[in-house]
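Listed below are the residues making up each chain.
Number of protein chains: 2
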Amino acid sequence: MHTPMAAGEAALVAGHGHGFVLALPENEPFALDSGSALLGVKIAYQTYGRLNAERSNAVLVCHALTGDQFVASHNPLTGRPAWWDLMVGPGLTLDTDQYYVICANVLGGCMGTTGPQEVNPASGKPYGLDFPVITVADMVRLQCRLVDHLGIDKLFCVIGGSMGGMQVLQWAASYPERVFAAAPIATAARHSAQNIAFHEVGRQAIMADPDWRQGDYQAHGTRPAAGLAVARMAAHITYLSETALHRKFGRSLQNRQTFSFGFGADFQVESYLRHQGSSFVDRFDANSYLYITRAMDYFDLAAEYDGVLAKAFRGIETRFCVISFTSDWLYPTAENRAIVKALNAASANVSFVEIESDHGHDAFLLDEPEMFRTLAGFLGAAAARRGLRRP
Amino acid sequence: MHTPMAAGEAALVAGHGHGFVLALPENEPFALDSGSALLGVKIAYQTYGRLNAERSNAVLVCHALTGDQFVASHNPLTGRPAWWDLMVGPGLTLDTDQYYVICANVLGGCMGTTGPQEVNPASGKPYGLDFPVITVADMVRLQCRLVDHLGIDKLFCVIGGSMGGMQVLQWAASYPERVFAAAPIATAARHSAQNIAFHEVGRQAIMADPDWRQGDYQAHGTRPAAGLAVARMAAHITYLSETALHRKFGRSLQNRQTFSFGFGADFQVESYLRHQGSSFVDRFDANSYLYITRAMDYFDLAAEYDGVLAKAFRGIETRFCVISFTSDWLYPTAENRAIVKALNAASANVSFVEIESDHGHDAFLLDEPEMFRTLAGFLGAAAARRGLRRP
Chain S
1 MHTPMAAGEA
11 ALVAGHGHGF
21 VLALPENEPF
31 ALDSGSALLG
41 VKIAYQTYGR
51 LNAERSNAVL
61 VCHALTGDQF
71 VASHNPLTGR
81 PAWWDLMVGP
91 GLTLDTDQYY
101 VICANVLGGC
111 MGTTGPQEVN
121 PASGKPYGLD
131 FPVITVADMV
141 RLQCRLVDHL
151 GIDKLFCVIG
161 GSMGGMQVLQ
171 WAASYPERVF
181 AAAPIATAAR
191 HSAQNIAFHE
201 VGRQAIMADP
211 DWRQGDYQAH
221 GTRPAAGLAV
231 ARMAAHITYL
241 SETALHRKFG
251 RSLQNRQTFS
261 FGFGADFQVE
271 SYLRHQGSSF
281 VDRFDANSYL
291 YITRAMDYFD
301 LAAEYDGVLA
311 KAFRGIETRF
321 CVISFTSDWL
331 YPTAENRAIV
341 KALNAASANV
351 SFVEIESDHG
361 HDAFLLDEPE
371 MFRTLAGFLG
381 AAAARRGLRR
391 P
Chain W
392 MHTPMAAGEA
402 ALVAGHGHGF
412 VLALPENEPF
422 ALDSGSALLG
432 VKIAYQTYGR
442 LNAERSNAVL
452 VCHALTGDQF
462 VASHNPLTGR
472 PAWWDLMVGP
482 GLTLDTDQYY
492 VICANVLGGC
502 MGTTGPQEVN
512 PASGKPYGLD
522 FPVITVADMV
532 RLQCRLVDHL
542 GIDKLFCVIG
552 GSMGGMQVLQ
562 WAASYPERVF
572 AAAPIATAAR
582 HSAQNIAFHE
592 VGRQAIMADP
602 DWRQGDYQAH
612 GTRPAAGLAV
622 ARMAAHITYL
632 SETALHRKFG
642 RSLQNRQTFS
652 FGFGADFQVE
662 SYLRHQGSSF
672 VDRFDANSYL
682 YITRAMDYFD
692 LAAEYDGVLA
702 KAFRGIETRF
712 CVISFTSDWL
722 YPTAENRAIV
732 KALNAASANV
742 SFVEIESDHG
752 HDAFLLDEPE
762 MFRTLAGFLG
772 AAAARRGLRR
782 P
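Chains S and W supply the protein sequences, listed in that same order.
Quick note: the first sequence uses the numbering used here, first residue 1, plus one each step.
Quick note: the second sequence uses the numbering used here, first residue 392, plus one each step.
If you're looking for bench data, these hints aren't it; they were derived computationally from the structure.
Glycine is no exception: its CB is placed at the ideal position from the N, C-alpha and C atoms.
Wrong hints could be hidden among the right ones.
[Stated by the list, open to error] Distance condition first, Cα-Cα at most 30 Å in a straight line; then the derived DSBU-like pairs of lysine-lysine:
id: 1; chain 1: S; residue 1: K154; chain 2: S; residue 2: K125
id: 2; chain 1: S; residue 1: K311; chain 2: S; residue 2: K154
id: 3; chain 1: S; residue 1: K341; chain 2: W; residue 2: K639
id: 4; chain 1: W; residue 1: K702; chain 2: S; residue 2: K248
id: 5; chain 1: S; residue 1: K311; chain 2: W; residue 2: K702
[Unchecked claim] From chain W, some residues computed to sit far from chain S (all C-beta separations above 12 Å):
id: 6; residue: E445
id: 7; residue: V660
id: 8; residue: L779
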């Protein structure tokens, strides 16, 4: 599929079902914003489509908090549809007949990229809480290492929603000359107090679970499943709009005509949430959840630029398409508009669309025709400008 | 202060700091909506002001999920200001120089009224999960028993916010001839899917705590403090608006200049939430939290009337004042407007005010001059109509 290029001594290693895994040289420290460094960092990724001869058609997709590198088709580990299978694939908006799509598991994740569940080379044991706290910029720096390895000087596009959108913004700020086009979707340039508050509830739920064992649950053979499920349930509510919850469930009862007058899942919405919680536990690592939510909370792009977001984009040539959804109350339109305002203040090339949808934050993952049309138009124009051939 | 009247063999008993406690006759079953009945029910209450000779100036205040009977001045158990000390007292909106204010701890509560932490007379042990699931109508039926005991045929006003507002609506529907005026504030005639979802997260957090012991923690000498704290943290976010959280905390750090790159409370909002969680645990019973949230989830006033809310108020003479707050996303204006619409359809006497506030749901507990003015006007006009003397 792709043509890996040597960058340092980085090497592809077996991914154990995680797709491709790029291993940085074992003695090369990967420096982090915290001042710490990691040794022997691996990044698991997946590619779709073909890199063209000019290496000009690469699209990097950045995933959200609980996403992974399996962006198109299906997830080989779960057998279920990939998280953005409606967006990425042959003939779809991110057309893999035209673009070479790359998606990597983020640093701190639990799908093959170095994270708290991986073995710490210094101790020979899983990191657990010895894993250093990471930032969105750290995630992006590691992705850049992968892009180097793939021999790509300039990405045609970097795109993502939610935390994926934060990475898009960080890419544009950190490596403007390497990003031709950027599409941050349903995101924010900084995490709000309410965002932080919801994450903190999730972290406290995990850390309150005695099976968490101060983060050392792998060594104890336990899993903080109950705490992680509660964290996921709380978060899941924030991904949906009140309207969507009402339309989906209302006050309908679950397989019953009358109240049980007990604490079972009388309501469909309870049953749905419990399922969201328990199924999440099977596919996600609790410590990864702590580290990635922390990285999101720390995200405040303007802070690196004297608190002035426009400075992050000064002189940038990248063309932007910013998308928000009317019923997204987690990263509401106002937050996305703040990004647009800063881009305008930096005289950047930016288009902005607020899409009418009652799907809430999750809209970016769903069948939203206007999102597909908007992005198809944006990518088509950018591809023409970049001289990419149509499929 | 008040003049207790005999109603059955109900008797005032010692309240152990909970104020007055009315005990129903020990052999009198108190029937519940679930079909169960409770024996030896007690209701703890507080009164402020004097009942006039005509017994026409009584105002029943109904408290919210975590409220109690100490509505005015200070709470003698905590030494802190009472939860509605800005509303109720001499010279205040609910002027105790004019009105005789009654407030009772709800059935299922943990401040002296019969609830899951009280001793089950059948077993001689605390109820725990043997306590029957109760409803808002059950709470109101018990309050009515208290009002009987106090010798009051018709309450001048029933007032409350949030779950208190639900009780107000239930009072008006169940006992229309006993309510002269009613003021439901920041409430809803039914719990929405999102409301239920947030409550379910809280319940799951409590029940996931091993110290909960299937509800039998009193016998085990444990307390599900961590789970209850997480439940409170999640709920607390829903009581505030995004704007209020932003204004109060933004992304300010707690006693530090830079990130800790750890999982301590770096942000003020985290520290605040943790405090909200841990201080709540000292004053509230975890099982009461389960039962009361369940009662709220079950609340759907229209369901008793063929799904038509207006039928709940058919022919009602009570005059209503419905109040909502613009930034309340837990019981938004639309839910309050639905109450007004039903009252209008029932040709009831109703005024409605949506108050501009960025305090979120908590606004009803705070210094909201327009709320005080609105209620003062409403109560004044109703008092004149009722022939109450000014203080």
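How the hints compare with the structure:
{"no.": "1", "hint": "S:K154 - S:K125", "verdict": "38 Å, violated"}
{"no.": "2", "hint": "S:K311 - S:K154", "verdict": "22 Å, holds"}
{"no.": "3", "hint": "S:K341 - W:K639", "verdict": "24 Å, holds"}
{"no.": "4", "hint": "W:K702 - S:K248", "verdict": "27 Å, holds"}
{"no.": "5", "hint": "S:K311 - W:K702", "verdict": "60 Å, violated"}
{"no.": "6", "hint": "E445", "verdict": "41 Å, holds"}
{"no.": "7", "hint": "V660", "verdict": "5 Å, violated"}
{"no.": "8", "hint": "L779", "verdict": "40 Å, holds"}
Violation of the numbered hints given earlier is confined to hints 1, 5, 7; the remaining hints are satisfied by the structure.
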